[in-house]
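Protein chains: 2
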Amino acid sequence: MVTEKLALHIKNTSYEQLSQNAIYEAKRSLLNWLGVAIGAAEHESMEKVFHVASLTGSQPQATVFGRKEKVDILFAALLNGMSSHIFDFDDTLLETVLHPSAPVYPAILAFAEKERRSGKEVLEAFVIGCEVEARLALSVYPSHYWRGWHITGSVGGIGAAAAISKMQDLEVENTQYALGIAATEPTGLREMFGTMTKPFHPGKAAMNGLLAGLMGGQGFTSSKQPLEAERGFIKVLSEESKMDIITDNWGEKWEVEKNSYKPFASGIVTHPAIDGIIGIQKQHSLRAEEVESITIFGHPLVKELTGKTEIFTGLEGKFSVFHCVASGFLNLKASVGEFTDEFVNDPTVKGLRGKIHLVIDEQMKEDQAKLVVKLSDGRELTHFVEHAIGSMDQPMSDQLLIDKFIDVTGTIISVDAKHQLIEMVQRFETLDDLTVFFDLCRPLEKGNQV
Amino acid sequence: MVTEKLALHIKNTSYEQLSQNAIYEAKRSLLNWLGVAIGAAEHESMEKVFHVASLTGSQPQATVFGRKEKVDILFAALLNGMSSHIFDFDDTLLETVLHPSAPVYPAILAFAEKERRSGKEVLEAFVIGCEVEARLALSVYPSHYWRGWHITGSVGGIGAAAAISKMQDLEVENTQYALGIAATEPTGLREMFGTMTKPFHPGKAAMNGLLAGLMGGQGFTSSKQPLEAERGFIKVLSEESKMDIITDNWGEKWEVEKNSYKPFASGIVTHPAIDGIIGIQKQHSLRAEEVESITIFGHPLVKELTGKTEIFTGLEGKFSVFHCVASGFLNLKASVGEFTDEFVNDPTVKGLRGKIHLVIDEQMKEDQAKLVVKLSDGRELTHFVEHAIGSMDQPMSDQLLIDKFIDVTGTIISVDAKHQLIEMVQRFETLDDLTVFFDLCRPLEKGNQV
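Chains as they are written, first to last, in our numbering: chain S, 1 to 450; chain U, 1001 to 1450.
Simulated from the structure, these hints should not be mistaken for laboratory data. Among the hints, a few may not be true.
[Unchecked claim] A few chain U residues facing chain S, derived, Cβ under 10 Å:
hint : residue
1    : Gln1061
2    : Gly1232
3    : Lys1418
4    : Pro1443
[To be verified] Calculated cross-link-like contacts (lysine to any residue; reagent style SDA-like; alpha-carbon spacing at most 25 Å):
hint : chain 1 : residue 1 : chain 2 : residue 2
5    : S       : Lys303    : S       : Thr92
6    : U       : Lys1235   : S       : Gly148
7    : U       : Lys1070   : S       : His51
8    : U       : Lys1070   : U       : Leu1431
9    : S       : Lys308    : S       : Lys235
10   : U       : Lys1224   : S       : Asp341
11   : U       : Lys1224   : S       : Glu47
12   : U       : Lys1048   : S       : Arg117
13   : S       : Lys235    : U       : Lys1242
14   : S       : Lys418    : S       : Asn331
15   : S       : Lys68     : S       : Glu95
16   : S       : Lys350    : S       : Glu292
17   : U       : Lys1282   : U       : Thr1195
18   : U       : Lys1333   : U       : Ile1311
19   : S       : Lys235    : U       : Arg1231
20   : S       : Lys70     : S       : Thr92
21   : U       : Lys1350   : U       : His1387
22   : U       : Lys1070   : S       : Phe50
23   : S       : Lys48     : U       : Gln1059
24   : U       : Lys1350   : U       : Arg1287
25   : S       : Lys68     : U       : Ser1054
26   : S       : Lys224    : U       : Thr1195
27   : S       : Lys235    : U       : Glu1121
28   : S       : Lys374    : S       : Asp361
29   : U       : Lys1224   : S       : Phe50
30   : U       : Lys1048   : S       : Val172
31   : U       : Lys1235   : S       : Tyr145
32   : U       : Lys1282   : U       : Gly1410
33   : S       : Lys48     : U       : Lys1114
34   : U       : Lys1370   : U       : Ile1280
35   : U       : Lys1350   : U       : Ser1293
36   : U       : Lys1048   : U       : Lys1114
Quantities reported herein were computed from a predicted structural model and do not represent experimental measurements. Cβ coordinates follow ideal geometry from the N, Cα and C atoms, glycine included.
Could you put the whole structure together from the sequences, leaning on the hints where they help?
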């Protein structure tokens, strides 16, 4: 009865029942998601999938955010799901390491564009789709993840199917079918991490979930207990049998309210140190040549996961807390531009990196760090970060999310488009017609972009 | 190194190295597969997916066998993979219960039609794709199956990706990528059995495998050890670690040579009894009213799996050995037409069913049965089946496969088209241009069909 009860919840939940905070967080999720999707739109892996889409005669039905070309809704879901995960800079539900937006928003937005749905319908579907995937993630975590599944891909498609069921206002039975069709095709082995196939996982989940939702809408039958059955999703793909989590206390709070956003484009263990150096720089505006040394006091994991000192590529920079802190010092950020091969090999950056040291402090919590900067004039500056920005206790402010959006979208869309999009997302529930929104996400004439 | 070695085998194996018997069996597989695909082309689940394809603006690139409408290559792979598994009447590799054609031929044929490839290239790709999926199935069987995976869907996509890699003559590295992209998205929970989602599994595997092959062709990267790695396909999805099976003794024999075909559209345990009654009828041409009783002596599984006496639907008929034997007696076959609701409820059929009894004989092997028919004139006819037709020891003859093709394709294509297709499949390696072959599979004008 788990899937049936869940389908009933999906059908019976309407926008009006969602909390203000859930809607607010769904919009923050959208802005963050949209930014990282646009930012990676020209990545070489995107070109490869565009080429395959053209081989299949894909028709221009839906926007690929940050791209001129439209593609059919299934490929739009795939491409947008991919792009938004390419930088590893999208949102996270920290309890399960689920990235909730990448598999769900792309399915919703492709469907919404084709069917001319409103902003309110998009947000409603997202809160519900996110709720379904997040609860399912909780039900199979951690054994599912440790067995080797990339949870964002494997449960994300079911969240997308739930969202698309909602958008079609499907009956309970059809919603069960949609969930079943999505549940039978989990995507994502963790072995693929470090390759283009990692971002393919949420993309394919979005594509599968959209297809499953449309098929369920046609009455294509599947099991009515795909999640809970003996040979269903939860039992086949995990050692847990935490079935109650899927449906209990539905509507009391929403999982999207726990969503978190990364302020920096590197692994989360580097964030307290980056936050610390930015704290010092905001106050002192130091120049690199004034610095004699920088010492990071951090949690043991900082060394274990990001202790790399010799680095040559942008990707390696993400695994070097020394490079991360140098970036924060020089640019007051550690975003996409700080993890290019060029920036990593810049002489000033390299010089500063060499002055940075790491001391493990067992007392330090995971979201804490202390930075000590010694200057050539003998001064010593210290900054302690109690909770790093982006952590549960210190969420990214609206302004920081806006700054991130502006930064991460780079030169792909115009400055004017960025500001219009930010404003539209903030009042997304008032948009009856999303045409302008979609148009602003497409760089129509490359020459005009600044 | 398992995947790399496998990719090397795929790249280096050419048509000339395949045995005559492998080519012969690939053609028999094609005829059997094509018949069941055409036969189910108008099933209601097909209509539902056609509708979804049209929502995505699918373009007419490739044939859906038995249908007028063409769709894009990805949906063609999905639809043809589905249709060929709808009747549960496709081929089987008995060691692993893998149905090898349904996930692989649809991907190959969609690609071949669009790219105008030859019959020889199709057969070459099939033998290789079948080899890959069959070896992979052996490597994860039985724990994979018992854990709850529908092996045809879960390994089939990797076979399809191998076939499409071969057809593009991909380099080893790109082939590894294609296999990896397919491996990260296994499709098919056994919970879906009994619903439209069961045939969806090989269909989606074909679609995924085709997409993965095309993406690998573009250099979309994935793990280079997706099968053997700690968090790769084999270890995440099974308890086995039988890695050697994947590549050892490649080319000595071909898995397709072990392919088997179902002579009857019901579960395999009913086949010896049906074979037996047809044996009696071919000799004696009895009428139902002459029969006083028919007694089946069979293996214990016959009762366990197909002991149903009260049946009301065509589907239930497949689980009643009594109905199966009645069908064989009356029609000399037990094909699609014998498992309709109408036939099951026909008074003559019902009457005869009531005269049939089952006796379990522990001495009987699974592919054996003895039939004893008592006639009202006092005569008693007995027939012992040593190896049922379609079993390993008694494979379907070419003529029986032809009869099955003609029967199962029903009125969907013309009698003339059937005979032309049979003739073309028999010399498939000589067809440089497959246009006529594809055209013959499409009922262009419904009124003309007989």
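Going through the hints against the structure:
1. Proximity of glutamine 1061 of chain U to chain S holds as hinted, the smallest CB-CB distance being about 6 Å (cut-off 10 Å).
2. Taken as an interface hint, glycine 1232 of chain U checks out: its beta carbon lies about 5 Å from the nearest beta carbon of chain S, inside 10 Å.
3. At a threshold of 10 Å, the smallest CB-CB gap from lysine 1418 of chain U to chain S is about 30 Å, leaving the interface hint violated.
4. At about 23 Å, the closest approach between the beta carbon of proline 1443 of chain U and any beta carbon in chain S exceeds 10 Å, and the interface hint on this residue is violated.
5. At most 25 Å may separate the alpha-carbon atoms for a hinted pair to count; lysine 303 of chain S and threonine 92 of chain S meet this at roughly 22 Å.
6. Among the hinted pairs, lysine 1235 of chain U with glycine 148 of chain S is consistent with the structure: their alpha-carbon atoms are about 9 Å apart, no more than 25 Å.
7. Note on lysine 1070 of chain U and histidine 51 of chain S: the hinted pairing holds, with a Cα-Cα distance of about 21 Å set against a maximum of 25 Å.
8. Our distance criterion of 25 Å between C-alpha atoms is met by lysine 1070 of chain U and leucine 1431 of chain U, whose separation comes to about 22 Å.
9. Distance check on the hinted pair: lysine 308 of chain S and lysine 235 of chain S sit about 39 Å apart at the alpha-carbon level, beyond 25 Å; violated.
10. Pair hint lysine 1224 of chain U plus aspartate 341 of chain S holds up; C-alpha atoms about 24 Å apart against a cutoff of 25 Å.
11. Distance check on the hinted pair: lysine 1224 of chain U and glutamate 47 of chain S sit about 21 Å apart at the alpha-carbon level, within 25 Å; holds.
12. For the proposed pair lysine 1048 of chain U and arginine 117 of chain S, the alpha carbon gap of about 23 Å is at most 25 Å, so the pair holds.
13. Taking the CA atoms of lysine 235 of chain S and lysine 1242 of chain U, the gap is near 24 Å; set against the 25 Å cutoff, the hint holds.
14. For the hint pairing lysine 418 of chain S with asparagine 331 of chain S, the CA-to-CA distance comes to about 21 Å; that is within 25 Å, so the pair holds.
15. Simply put, lysine 68 of chain S and glutamate 95 of chain S have alpha-carbon atoms about 37 Å apart, too far for the 25 Å limit, and the pair is violated.
16. With a C-alpha separation of about 14 Å, the suggested pairing of lysine 350 of chain S with glutamate 292 of chain S holds against the 25 Å cut-off.
17. Using a Cα cut-off of 25 Å, the hinted pair lysine 1282 of chain U and threonine 1195 of chain U is violated, with the two alpha carbons roughly 36 Å apart.
18. Proximity of lysine 1333 of chain U to isoleucine 1311 of chain U is assessed by CA-CA distance (about 19 Å); at most 25 Å being required, the pair is judged to hold.
19. Our distance criterion of 25 Å between C-alpha atoms is met by lysine 235 of chain S and arginine 1231 of chain U, whose separation comes to about 19 Å.
20. For the hint linking lysine 70 of chain S to threonine 92 of chain S, the alpha-carbon distance of about 28 Å lies beyond 25 Å, and the restraint is violated.
21. For the suggested pair lysine 1350 of chain U and histidine 1387 of chain U, the alpha carbons sit about 28 Å apart, so the restraint of at most 25 Å is broken.
22. Among the hinted pairs, lysine 1070 of chain U with phenylalanine 50 of chain S is consistent with the structure: their alpha-carbon atoms are about 22 Å apart, no more than 25 Å.
23. Restraint check for lysine 48 of chain S and glutamine 1059 of chain U: satisfied, since their Cα atoms lie roughly 20 Å apart, inside the 25 Å limit.
24. For the given pair, lysine 1350 of chain U sits about 14 Å from arginine 1287 of chain U by alpha-carbon distance, which is consistent with the 25 Å threshold.
25. For the given pair, lysine 68 of chain S sits about 24 Å from serine 1054 of chain U by alpha-carbon distance, which is consistent with the 25 Å threshold.
26. For the given pair, lysine 224 of chain S sits about 10 Å from threonine 1195 of chain U by alpha-carbon distance, which is consistent with the 25 Å threshold.
27. Distance restraint check for lysine 235 of chain S and glutamate 1121 of chain U: the Cα-Cα separation of roughly 41 Å exceeds the 25 Å cut-off, and the hinted pair is therefore not satisfied.
28. Taken as a hint, the lysine 374 of chain S and aspartate 361 of chain S pair is honoured in the structure, with Cα atoms around 19 Å apart against an allowance of 25 Å.
29. Distance restraint check for lysine 1224 of chain U and phenylalanine 50 of chain S: the Cα-Cα separation of roughly 23 Å lies within the 25 Å cut-off, and the hinted pair is therefore satisfied.
30. Restraint check: the Cα-Cα separation between lysine 1048 of chain U and valine 172 of chain S comes to about 18 Å, which is no more than 25 Å; the hinted pair holds.
31. Our distance criterion of 25 Å between C-alpha atoms is met by lysine 1235 of chain U and tyrosine 145 of chain S, whose separation comes to about 14 Å.
32. The straight-line distance between the Cα atoms of lysine 1282 of chain U and glycine 1410 of chain U is roughly 23 Å, inside the 25 Å bound, and the hint therefore holds.
33. A C-alpha spacing of about 19 Å is found between lysine 48 of chain S and lysine 1114 of chain U, which places the hinted pair at or below 25 Å, so the restraint holds.
34. For the proposed pair lysine 1370 of chain U and isoleucine 1280 of chain U, the alpha carbon gap of about 11 Å is at most 25 Å, so the pair holds.
35. Note on lysine 1350 of chain U and serine 1293 of chain U: the hinted pairing holds, with a Cα-Cα distance of about 13 Å set against a maximum of 25 Å.
36. Annotation: proposed proximity of lysine 1048 of chain U to lysine 1114 of chain U holds, straight-line Cα distance about 24 Å (limit 25 Å).
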